[in-house]
Amino acid sequence: TQLLEQSPQFLSIQEGENLTVYCNSSSVFSSLQWYRQEPGEGPVLLVTVVTGGEVKKLKRLTFQFGDARKDSSLHITAAQPGDTGLYLCAGAQTGYALNFGKGTSLLVTP
Amino acid sequence: DAGITQSPRHKVTETGTPVTLRCHQTENHRYMYWYRQDPGHGLRLIHYSYGVKDTDKGEVSDGYSVSRSKTEDFLLTLESATSSQTSVYFCAISGGGGSYNEQFFGPGTRLTVL
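Chains as they are written, first to last, in our numbering: chain A, 1 to 110; chain B, 1 to 114.
Rather than coming from a laboratory, the hints here were simulated on the basis of the structure. A few of these clues could be false.
In the SDA-like style, the derived pairs of lysine to any residue whose C-alpha atoms are separated by at most 25 angstroms in a straight line are [as the list claims (entries may be wrong)]: (1) Lys-11(B) x Lys-57(A); (2) Lys-102(A) x Lys-53(B); (3) Lys-53(B) x Arg-22(B); (4) Lys-57(B) x Gln-85(B); (5) Lys-57(A) x Lys-57(B).
Here are a few chain A residues that sit away from chain B, every Cβ distance over 10 angstroms (derived from the structure) [as the list claims (entries may be wrong)]: (6) Leu-11; (7) Gln-14; (8) Asn-24; (9) Val-44; (10) Leu-45; (11) Asp-67; (12) Asp-83; (13) Leu-98.
If you only want the chain B side, here are some residues facing chain A, beta carbon under 7 angstroms, derived [stated by the list, open to error]: (14) Tyr-31; (15) Asp-38; (16) Gly-42; (17) Gly-108.
Being a predicted model, the structure only gives us computed values, none of them experimental. Note that beta-carbon positions come from the ideal geometry of N, C-alpha and C, so glycine has one too.
Produce the entire structure from the sequences given, and follow the hints as far as they go.
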């Protein structure tokens, strides 16, 4: 069972455009994390959001946790080729494991 | 970057042979995890460990076993490899469970079973 649904699955845009990636669930999470993965490498943690309604910014990336702590979004402003990669959201409930979404593959072309 | 290494980084083996993948950490984190990543399925948890000699099954544990005799090492064994186990395997570590459980990943092992 896939607890976290990410959309879109694939996104191809040109440098300078804005985009939003969504991570949705019917389950409540105590925290939600976003990772970025480049080809041939492991996922790298970008941010953790904990409080419902929380907004965090990381340079041109803005992360928001839904008020009910069931969903999250990642907004990238003025995308650059270096933003290309697979973006994964992961939710924590109880215990040790994270529930990962299948990811959004982003391609930013010059 | 968290100090996590995986070995080997690439391996090609034949159906029916045993395979062991190693994950080594220098962070002294308590929790360690093995995932596999496949197109269309994302990251799926195979097994995890919450301490030395303490392990538990994840979502896709059939055909896999693990061992953790030291804090820094977590081994994943395929007793008799099958073609369906061709995948990229990632090890991850975290300092603790609870609300955050932020995980840090190794570079991955690409395994091909012919």
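Does the no-contact call for Leu-11(A) survive, Cβ to all of chain B over 10 angstroms? holds (16 angstroms)
Restraint outcome when Gly-42(B) is required to lie within 7 angstroms of chain A by C-beta distance: Holds. Min distance 4 angstroms.
Minimum C-beta separation from Leu-98(A) to chain B exceeding 10 angstroms: can you confirm that? Non-interface label on Leu-98(A) violated, nearest chain B Cβ at 6 angstroms vs cutoff 10 angstroms.
Assertion that Val-44(A) lies outside the chain B interface [Cβ separation over 10 angstroms]: Given a closest Cβ separation of 7 angstroms, the condition is violated.
Lys-102(A) and Lys-53(B) were given as a pair; does the straight-line alpha-carbon distance stay at or below 25 angstroms? violated (31 angstroms)
Per the CB criterion, is Gly-108(B) less than 7 angstroms away from chain A? holds (5 angstroms)
Given hint Lys-57(A) paired with Lys-11(B) - CA-CA distance at most 25 angstroms: Violated, because 39 angstroms separates the two Cα atoms, which is more than 25 angstroms.
Since Leu-45(A) was said not to touch the interface, does its Cβ keep a gap of more than 10 angstroms from each Cβ of chain B? At roughly 6 angstroms from the nearest Cβ of chain B, Leu-45(A) sits no farther out than 10 angstroms, so the non-interface label is violated.
Chain B versus Asp-67(A) - minimum CB to CB distance exceeding 10 angstroms, so not interface: Given a closest Cβ separation of 17 angstroms, the condition holds.
Over 10 angstroms to the closest beta carbon of chain B is the bar; see if Asn-24(A) clears it. holds (15 angstroms)
Separation of Gln-14(A) from chain B, once the least beta-carbon distance is taken, above 10 angstroms: holds (25 angstroms)
Straight-line Cα separation of Lys-57(A) and Lys-57(B) no greater than 25 angstroms? violated (36 angstroms)
Checked against the numbered hints above, the structure breaks hints 1, 2, 5, 9, 10, 13 and 15 and satisfies the rest.
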